[in-house]
Amino acid sequence: MTQVERIQYDNAIVRNFAYATLLWGVVGMTVGLLLASQLIFPALNFDTPWLTFSRIRPLHTNAVIFAFVGNGIFMGVYYSLQRLLKARMYSKALSNIHFWGWQLIIVSAALTLPLGLTTSGEYAELIWPIDIAIALIWVIFGINMFGTILRRREKHLYVAIWFYIATWVTVALLHIVRSFELPTSLIHSYPVFSGVQEALVQWWYGHNAVAFFLTTPYLGLMYYYLPKAANRPIFSYRLSIVHFWALIFIYIWAGPHHLLYTSLPNWAQSLGMIFSLMLIAPSWGGMLNGLLTLRGAWDRVRQDPILKFLVVAVTAYGMSTFEGPMMSIKSWNAVTHYSDWTIGHVHIGALGWNGMLTFGVLYWLLPRIFNTRLYSVKWANTHFWLGTLGIIFYAIPMYWAAVVQNILWRAFTPDGYLVYPNFLETVTQIVPMYGIRLFGGLLYFTGVIIGVVNMFRTISSGKLVANEVVEVPVVEEHKPAGKEYWHRWIEKRPVQMLLVSFVLVSIGGAVEYLPLSLIDENIPKISTVTPYTPLELQGRDIYVREGCVGCHSQMIRPMRFETARYGEYSKSGEFIYDRPFLWGSKRTGPDLAREGVGKLKKSDAWHYNHMLDPTSTSPGSLMPAFPWLHKNDLDTTTTMNKIRVLRKLGTPYEEGYEYIANDDLMVQAKRIAQSLKEAGIEQEGVERKEIVALIAYLQKLGTGIEPTAEAEK
Amino acid sequence: MKNRSIRIKVSLALLLLPLVSFAQDAGSAGNPQNFWENAFGSIVLLAGAIVVLAALIAIVKLFNIIVKMEELRVLREKGVEEIVEKYKQPEESWWKKFMKSATQYVPVEKEEDIMFDHEYDGIRELDNRLPPWWLWMFYASIIFAAVYWTYYHIADGPSLIDEYNKDMEVAQAKIDEYLATKADAIDENTVTLLTDEESLAMGQSTFETLCMPCHGMNGEGNSIGPNLTDDYWLHGCGVKNVFKTIKNGVIEKGMQSWKDQLRPVEIQRVASYIVFKLHGSNPENAKEPQGELCTPDEAEGGGATPAEANPDEAPGEEDTE
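As they're listed, the protein sequences go chains A and B.
Numbering of the first sequence is given in the working numbering, commencing with residue 1 and proceeding in unit increments.
Numbering of the second sequence is given in the working numbering, commencing with residue 1 and proceeding in unit increments.
I should point out that these hints are in silico values taken from the structure, not numbers from a laboratory.
Values in this document were obtained by computation on a predicted structure and should not be read as measured data.
Hints are supplied without guarantee of correctness; some may be wrong.
Pair by pair, the computed Cβ-Cβ distance ranges are [as the list claims (entries may be wrong)]: (1) B:195 / A:413: 36 to 44 Å; (2) A:647 / B:180: 25 to 33 Å; (3) A:46 / B:53: 56 to 64 Å; (4) B:135 / A:471: 36 to 44 Å; (5) B:155 / A:413: 55 to 63 Å; (6) A:647 / B:158: 57 to 65 Å.
Within a straight-line C-alpha distance of at most 27 Å, the following computed DSSO-like cross-link-like pairs (lysine-lysine) qualify [as the list claims (entries may be wrong)]: (7) B:110 / A:571; (8) A:228 / B:97; (9) B:61 / B:110; (10) A:631 / A:602; (11) A:602 / A:155; (12) B:110 / A:525; (13) A:599 / A:92; (14) A:525 / A:631; (15) B:97 / B:110; (16) B:174 / B:78; (17) A:599 / B:96; (18) B:247 / B:277; (19) A:599 / A:86; (20) B:174 / A:599; (21) A:483 / B:97; (22) A:601 / A:631; (23) B:97 / B:182; (24) A:571 / A:599.
No residue lacks a Cβ here, since even glycine has one placed at the ideal position from N, Cα and C.
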């Protein structure tokens with residue numbers, strides 16, 4: 001007779017995270033719809049800084065990743081962890097600090113990003129005080145999770161928990177290393193790494209944010225909710241083991257596939273590519289274990305909307321984890337990179353894998369913690385079909401747009417000239433595809449709204465079981481019935497599992513980063529590359545603030561159709577003073593790496609008018625206007641600290657230069673003001689405006705290898 | 001039966017080898033410029049590989065039938081019962097066998113046999129083996145990675161920049177080829193005088209390497225060829241005549257034909273250089289005039305010449321030897 005023990009599971013915290021998931025999901029997707037509309041109707045930027053595409057694009061990505069999916073992770077983990085371990089969460093207080101802390105971080109992100117407070121690293125845009133808050137809250141989550149694991153009434157850890165552990169330790173590592181930065185003020189900092197090195201760190205982080213924030217925790221959730229919902233045993237325990245360890249070890253290496261054909265050394269690019277290809281099987285291990293677990297339950301998939309959501313989620317996972325490695329093959333990446341293909345790809349992942357799994361889990365879990373039944377199965381089915389159709393209508397036009405744009409970018413006349421030398425021609429062609437994409441997004445969003453109403457009605461028909469009482473057997477020494485798998489050993493040892501995971505995920509990053517930072521030959525020096533002047537530096541920070549990098553790359557790949565359009569391909573030595581690096585990853589507008597030299601160079605007045613109204617210089621342009629740059633005075637009080645911090649990081653500004661930097665700044669500003677005046681632009685005091693700094697920066701672009709007379713002065 | 005499945009596996013593996021090397025090409029980051037052209041070639045190649053695969057499978061099948069008939073004959077000699085014993089079970093098709101060896105799942109009805117005794121919150125786990133096809137895929141990707149790395153980073157395969165430079169050369173060659181065909185449309189009747197600096201500079205460089213030996217560095221003429229700077233010409237003045245003389249030569253007088261060495265556009269450039277730049281330049285050591293004084297009609301036929309622009313210029317004479 002086994003003894004039993006009465007314990008209580010904490011459902012209130014699960015409910016909180018569920019509400020937050022829904023709320024931020026709706027917010028994040030609404031911003032997404034606005035962005036999609038702005039790409040068709042630029043007037044929807046309303047000439048308002050905090051509503052402008054370039055500033056709110058990171059708001060959309062952050063909201064969906066960290067707010068919608070993030071809260072989804074915590075909801076799913078807090079529910080399943082307690083039950084898989086037969087233990088209540090370690091600390092109610094820590095749970096609450098975790099919950100409110102995370103929401104506070106989201107709110108501060110939602111305020112700072114539209115205000116232009118950003119570091120510009122993709123998915124790592126938040127300013128340094130928020131970075132610290134994230135680290136603290138993540139540690140609190142870790143303590144709470146490990147406290148619960150250590151107090152478990154189950155000897156062994158189920159595969160879902162392996163994934164939770166690997167997620168926690170890797171995200172901590174990624175976030176901390178990516179946030180190495182030196183503040184110049186409470187709201188601004190410069191990254192410790194520069195140029196090529198920062199690019200590598202960024203995409204080691206960015207890629208693995210996808211891997212360890214959007215993938216591994218959700219695989220953990222799949223391993224709990226899918227067999228629960230289908231009431232079927234997991235297909236293969238062996239497969240779980242092999243694909244788990246292979247996945248976390250290989251995933252971390254794949255970051256450089258975001259930098260193919262850039263100035264990153266060749267060997268690092270190849271590592272990124274081959275590890276991405278080796279990732280197909282470990283990723284598909286998760287999909288197979290999910291789909292094959294449904295063997296014998298496919299008849300129920302037809303009736304049960306929850307299973308439908310889970311099946312589409314796992315299928316979308318399989319699709320995007322096949323597509324990803326294919327996009328990492330250099331010759332195919334040459335097509336997809338900088339194009340809308342990537343946008344289609346990430347939305348298969350976000351709307352399909354994360355979105356559908358999140359809603360499947362919500363439909364399964366809410367009726368249980370509210371002790372009721374789902375309000376309407378029919379509505380849930382409607383939500384499912386709208387969601388699935390929405391994904392299709394979203395992704396296909398994006399792929400289509402990518403193909404069209406590539407054909408246009410690459411078209412040469414027989415005598416060697418670009419057929420479409422004006423980049424704008426290649427943009428206006430794909431606007432109809434943007435329209436279909438918006439329709440797809442609207443379908444998906446409509447489904448979500450129906451889902452939210454359905455869940456709201458479900459909740460109101462029940463009552464929260466805040467503390468679910470269960471009887472669990474008192475833990476006994478585990479006695480294996482026969483020979484056991486070797487892997488059972490580590491399943492009893494969460495701390496060892498944490499350490500082994502940490503070592504495995506550290507290897508890839510270290511092997512890629514250390515040679516790059518230690519061996520000088522990896523970044524050949526270019527003698528003509530000079531640090532930014534104070535005005536250019538301020539202009540660059542405005543470029544960062546306005547989020548220009550969201551649409552404009554600064555990285556010309558060694559390809560004929562790129563060098564014919566933009567000039568000489570980019571060299572790693574050109575970026576040594578770039579903090580942050582601004583290579584970008586999407587070209588909704590043209591590349592700007594050589595904007596200040598050669599045939600792309602424009603007059604100061606052109607830039608002045610273009611920023612005021614892009615269509616005045618480029619009829620039909622989708623670019624938002626930035627009229628506030630012409631009104632705002634440039635804040636020169638920050639110059640001193642910026643120079644000081646950059647010198648500390650290695651930029652060769654002379655000792656004491658910070659004290660006279662603003663004098664140089666004014667001289668250069670007046671020169672630009674003079675050239676504007678000569679061109680007939682009469683604006684009183686224009687030399688003090690932000691636009692002048694931005695013009696200075698844009699004119700500097702590309703001069704590193706083609707110094708202009710101006711720079712030589 | 002065992003032998004047969006091994007045979008099939010071997011022939012499949014042999015067939016996949018060229019496919020793997022093809023995949024390397026595709027994955028080698030080759031020249032993106034040619035991607036769209038290659039895409040068609042790739043599809044053709046793939047279709048071809050499938051056809052070859054199908055043909056080989058058919059041959060293997062045929063071979064198996066022959067073997068089976070032979071077996072049947074031997075068995076028939078031994079006695080009927082054994083034949084019945086051996087063939088009463090219908091044989092599975094190769095596809096079914098392949099699928100079976102690629103999947104090897106324990107059927108749902110028998111899963112109790114491989115169910116672990118542990119459970120987590122009611123979740124049980126089965127002990128199905130790793131799906132073999134999945135494992136093959138994993139191994140294949142690892143082998144590909146090793147081969148790729150070896151080729152590009154140990155065996156010193158081309159870097160991205162090498163490939164870029166090669167692409168640029170190929171593209172330039174294509175442009176030249178095109179321009180050559182386009183320029184072929186020019187002949188002595190349609191040729192016009194080029195006056196842009198770039199064309200004239202190219203003409204000059206051709207002149208200074210090919211024409212200089214006979215006509216002097218500045219067209220002053222020497223013991224071999226006549227002066228090209230004066231107004232007297234042996235074979236007609238103006239760009240049309242000069243073009244014709246360069247193109248066809250005046251073999252009897254020692255002027256060679258250049259049509260096989262210079263593209264028409266290059267002849268046009270050098271002819272323009274002579275007519276527009278050298279003519280009327282009064283170089284030192286000029287050879288005495290030869291031939292006839294150029295008439296305005298002739299010159300007009302050859303386009304404007306500086307001589308017309310400067311009518312007071314001293315008359316010279318001329319000819320392309």
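Original post:
So which of the earlier hints does this model not fit?
Top reply: 1, 2, 5, 6, 7, 8, 9, 11, 12, 13, 14, 16, 17, 19, 21, 23
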